[in-house]
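Keeping their order, the protein sequence lines are chains A and B. Okay, so the first sequence: first residue is 13 according to the working numbering, each after it adds one. Okay, so the second sequence: first residue is 4 according to the working numbering, each after it adds one.
One or more of the hints may lead you astray.
[As the list claims (entries may be wrong)] Mimicking BS3-like on lysine-lysine, the simulated pairs with C-alpha atoms at most 25 Å apart in a straight line are:
#: 1; chain 1: A; residue 1: Lys170; chain 2: B; residue 2: Lys226
#: 2; chain 1: B; residue 1: Lys132; chain 2: B; residue 2: Lys226
#: 3; chain 1: A; residue 1: Lys98; chain 2: B; residue 2: Lys241
#: 4; chain 1: B; residue 1: Lys69; chain 2: A; residue 2: Lys37
#: 5; chain 1: B; residue 1: Lys132; chain 2: A; residue 2: Lys130
#: 6; chain 1: B; residue 1: Lys42; chain 2: B; residue 2: Lys129
#: 7; chain 1: B; residue 1: Lys44; chain 2: A; residue 2: Lys170
#: 8; chain 1: B; residue 1: Lys138; chain 2: A; residue 2: Lys98
Treat the hints as calculated values from the structure; they're not laboratory data.
Spelled out, the chains give:
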Amino acid sequence: MDLGTIIWNTVALFLTLCIFSFLYKDNPFYKFAEHLVVGVSAGYFAIILYFNGFLPKVWEPVTQRGEWWYLLPTILGMMTWARFSKKWSWISRFAIAFYMGIAVGVAIPLEMQQRVIKQLHATMLPVHFTNIQGVWNLLIMLGVLCGLIYFFFSMGHKGVVGGAARLGIWILMIGFGAGFGLTVMGRISLLADRITEIHNWYLMVTKALWGF
Amino acid sequence: MSPIFFYLSFWFDFNRINVLVILGLFFAFVFYFINQAKKGKSLFVRRISGLDAIEEAVGRATEMGKPILYISGIEDMDNLQTVASMIILGNVTEMVARYDVPLLVPICRPFVVPVAEEAVKQGYIKAGKPDAYDKNNIRYISDEQFAYTAGVNGIMLRERPAANLMFGSFFAESLIMAETGFSTGAIQVAGTANIHQLPFFVVACDYTIIGEELFATSAYLSKEPKLLGSLKGSDLAKFLIMIILILGALLETFGITEFSSWFFVR
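Please take these sequences and the hints and turn them into a complete structure.
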């Protein structure tokens with residue numbers, strides 16, 4: 013185990029403990045780690061943007077392959093910098109409008125396909141009482157219909173509609189509870205992984221210092 | 004295959020006709036209701052319970068003389084939740100401006116910053132207090148998820164806002180931010196359509212706006228004909244979906260699969 017690895021692992025351990033110190037209360041160690049991660053991520057993203065964004069998507073196509081049309085989105089991007097000028101900030105609105113239009117135009121058909129049509133197809137299930145699957149299918153249908161009624165905003169939640177909406181929110185909350193439990197399990201496993209890293213650091217340092 | 008069909012298939016995916024038909028129907032519903040709203044017809048939308056919570060949060064911040072923290076999620080403007088969040092931000096700003104409460108808006112994505120600035124500025128102008136707009140309160144923190152979370156946590160602990168409003172698209176950072184806000188004693192109202200994060204907001208926040216209520220809140224607050232029309236149009240689409248579901252299930256039960264197979268997307 014070389015000295016460089018020991019030093020960097022020690023730095024990682026120190027920063028881990030700085031972040032964990034937040035569990036007690038805000039303190040200078042947490043503030044240091046917080047500002048460090050914000051600063052490093054900003055610097056890191058700037059470099060990533062240059063090497064993975066600007067160079068392959070603007071510089072190389074334009075200068076090496078003569079694909080001048082890549083300059084058009086570049087100009088749009090530069091127009092957003094007009095934001096910094098009080099006099100010329102109106103120019104940035106064109107770029108923002110264009111970007112939002114494209115983004116929403118791509119997102120809507122995709123969302124319709126993934127979240128509505130595919131779900132619709134998957135929920136049209138045969139309902140029967142010949143076996144347990146038919147009963148589950150009925151429950152799924154009921155859950156989906158009551159959930160949809162809960163999110164129906166054109167009618168107040170009164171009477172039969174109110175009852176169905178209440179059943180809908182109960183089913184949603186049962187689903188949320190299951191999701192919560194599953195995610196907490198995942199987070200605990202992340203913590204276990206971090207604790208294992210701390211233990212590995214201890215083993216690494218004791219081996220380096222005392223040979224065992 | 005005829006030559007026209009062959010060349011058209013480069014531009015048009017005929018396997019997705021069902022998506023086009025359903026999208027077309029949805030747009031027709033939305034345009035109809037937007038038209039109705041523009042003509043001044045009153046469109047009923049039931050009150051969203053979370054709205055009372057937002058007003059209570061603003062009121063509490065006013066009493067305590069502390070700022071309100073508004074978090075718009077960690078996604079970019081291409082996410083519809085961020086768009087809805089910006090609309091809600093504009094309306095919250097109007098409320099906040101009337102009571103002279105500072106509003107802090109930490110942002111995760113650079114492109115959201117100018118949109119947030121515009122939303123907040125318009126909110127102050129509509130409230131008749133354009134001079135109260137402080138650009139420095141809208142702060143870009145970091146693109147990186149947990150660097151942003153660390154920054155927001157720092158703001159919560161140092162600025163001690165009286166109310167935290169979290170509307171938008173959130174991921175693993177949701178519980179961290181909500182728990183930190185809870186530890187500072189702030190009243191918290193959250194809303195997201197990311198169902199995997201809703202459980203965390205439900206347990207850690209005072210009120211949670213679930214899924215589509217986020218978009219309905221933006222329509223209800225702004226009373227804009229386009230937003231109200233969209234909401235009513237989507238309600239009619241939901242009603243149609245319920246009819247299709249019941250019909251599809253009945254036909255499937257009797258062994259008729261042609262109807263449901265039309266909705267299959269390859």
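Hint-by-hint comparison with the structure:
1. A:Lys170 - B:Lys226: 23 Å, holds
2. B:Lys132 - B:Lys226: Roughly 21 Å separates the two Cα atoms, so the pair holds.
3. A:Lys98 - B:Lys241: 45 Å, violated
4. B:Lys69 - A:Lys37: 20 Å, holds
5. B:Lys132 - A:Lys130: Not OK: B:Lys132 and A:Lys130 at ~48 Å, beyond 25 Å, violated.
6. B:Lys42 - B:Lys129: 23 Å, holds
7. B:Lys44 - A:Lys170: Given that 25 Å is the threshold and the Cα spacing comes to 24 Å, the pair holds.
8. B:Lys138 - A:Lys98: Answer holds: B:Lys138 to A:Lys98 is near 12 Å, not above 25 Å.
In terms of the numbered hints stated before, the structure departs from hints 3, 5, listed from lowest to highest.
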